[in-house]
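Just need the whole structure built from these sequences, with the hints factored in.
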Amino acid sequence: MKKRRIIYLLCYLAYSSIYMARTNLTMANPSLVEAGILNTVQIGLLGGAFSAMFALGRLVNGILSDKAPPYAMISLGLVICAVSNILVGFFPPFIGIFILWSSNAYAQSMLWGSMISVMSDIYEERVAKKRTALLSTSVATGNIVSILFCTWLITKFGTKYAFIIPGFITLVLGVAVFFTMREVKPCASDKKHLSLFQLLAKRELQIIGIPSFIHGILKENISLWMTVYVIDTYAIDLSTSAYYLMLIPAFGFVGRVAHQVFYRFCKENEHTVSLIGFALCTLFALLLGIVKGTALSAILCLTATYAAASLINTSLLSVYPHRYRSEGNVSSVGGVIDFVTYLGAAMGSLVYGALIKNFGYNAMFISWAVLSVIGAAVISKFIKK
Numbered sequence: 002m003k004k005r006r007i008i009y010l011l012c013y014l015a016y017s018s019i020y021m022a023r024t025n026l027t028m029a030n031p032s033l034v035e036a037g038i039l040n041t042v043q044i045g046l047l048g049g050a051f052s053a054m055f056a057l058g059r060l061v062n063g064i065l066s067d068k069a070p071p072y073a074m075i076s077l078g079l080v081i082c083a084v085s086n087i088l089v090g091f092f093p094p095f096i097g098i099f100i101l102w103s104s105n106a107y108a109q110s111m112l113w114g115s116m117i118s119v120m121s122d123i124y125e126e127r128v129a130k131k132r133t134a135l136l137s138t139s140v141a142t143g144n145i146v147s148i149l150f151c152t153w154l155i156t157k158f159g160t161k162y163a164f165i166i167p168g169f170i171t172l173v174l175g176v177a178v179f180f181t182m183r184e185v186k187p188c189a190s191d192k193k194h195l196s197l198f199q200l201l202a203k204r205e206l207q208i209i210g211i212p213s214f215i216h217g218i219l220k221e222n223i224s225l226w227m228t229v230y231v232i233d234t235y236a237i238d239l240s241t242s243a244y245y246l247m248l249i250p251a252f253g254f255v256g257r258v259a260h261q262v263f264y265r266f267c268k269e270n271e272h273t274v275s276l277i278g279f280a281l282c283t284l285f286a287l288l289l290g291i292v293k294g295t296a297l298s299a300i301l302c303l304t305a306t307y308a309a310a311s312l313i314n315t316s317l318l319s320v321y322p323h324r325y326r327s328e329g330n331v332s333s334v335g336g337v338i339d340f341v342t343y344l345g346a347a348m349g350s351l352v353y354g355a356l357i358k359n360f361g362y363n364a365m366f367i368s369w370a371v372l373s374v375i376g377a378a379v380i381s382k383f384i385k386k
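Using our numbering, read the sequence shown as starting at 2 and increasing by one per residue.
Do not rely on the hints blindly, as some may be mistaken.
Claimed, not checked - In silico lysine to aspartate or glutamate, DMTMM-like type, Cα no more than 25 Å apart, as pairs:
| hint | residue 1 | residue 2 |
| --- | --- | --- |
| 1 | Lys-203 | Glu-328 |
| 2 | Lys-131 | Glu-328 |
| 3 | Lys-268 | Glu-35 |
| 4 | Lys-68 | Glu-184 |
| 5 | Lys-293 | Glu-221 |
| 6 | Lys-68 | Glu-205 |
| 7 | Lys-268 | Glu-125 |
| 8 | Lys-382 | Glu-205 |
| 9 | Lys-186 | Glu-328 |
| 10 | Lys-358 | Asp-233 |
Derived from the structure by calculation, the hints contain no laboratory data.
Below is the structure:
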């Protein structure tokens, strides 16, 4: 029992730490541009490379994590993440930073699938679903800690320490995982494990890809456009709007913790929780698109939409993959869903830039409402089934 608690705590700290080792670039951006180390175009390229490499990594590592020992995948991912961040802290030429940051993205994609396998091995299925859902709050925890900690490091010691210190933290956790989780087994069974092509041929997984794609559009684009929307619409200065950045992970944390309550209320059916999430997204997106309120009301609607999207995210990426436990495909199913989610996020970012330029922010909010209705309609089929 004690060993199980240590393993769970280690997973939580490890997954929180990798968000510190990715959000640090966001927090360091102004300093890097001011110092002439990077320009805005290069920062955009780094962000795009990170998303693309992470999405690809989740697909590949989702399959690998079903059979590879979890301690090996998690510790290796943490060590590569650590080395990448530490070396970025020495600010090599851009091509060096680009390669290192892409390596960082791939390394981070090695963790979640194996962590689902860990939950599947140390807990029985019903408990594993709840523990994995709670584990997903580490995303918000990592983001909140990163914003505060990296800002303090940059202010107190200098920009390079926002990469070097998080790097050393992930390195220590990687070593701890290596020596602590060696007895944990991967979830795959050689007789039942499905290949990627067999998985993609399953009708159920093809359909669940639709709400996964939609929630990716919603969740990631709220983070992307919230600050600039508030500045453009309500003429709030940049320094003040920076505080609103904290609300996104804070409300994400609320949404992920609330999932436990909704999950019990919905008789432990994650699809019903997703339906509630899409209904809330529809409501708040319509309010944003139709009602011109105050800056505070707009921010509350945006963050509430993010919290609702986090409900859906927890259901799809943390709970639903455990339905494939008997087939030994918990990690690979999570990888496929995460890949589709990031695909939706990337597609939304490309489309909304042009949409906002030509039709304004209201068009984006209305599209969120329409997409949420579609997501709710698709997910309701699983509830009936």
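Hints versus structure:
1. Lys-203 x Glu-328: holds, 13 Å
2. Lys-131 x Glu-328: holds, 20 Å
3. Lys-268 x Glu-35: Roughly 53 Å separates the two Cα atoms, so the pair is violated.
4. Lys-68 x Glu-184: holds, 14 Å
5. Lys-293 x Glu-221: Within the cut-off at roughly 23 Å; holds.
6. Lys-68 x Glu-205: holds, 23 Å
7. Lys-268 x Glu-125: Status holds; Cα separation ~18 Å.
8. Lys-382 x Glu-205: Distance of about 10 Å is within 25 Å: holds.
9. Lys-186 x Glu-328: holds, 15 Å
10. Lys-358 x Asp-233: OK: Lys-358 and Asp-233 at ~12 Å, within 25 Å.
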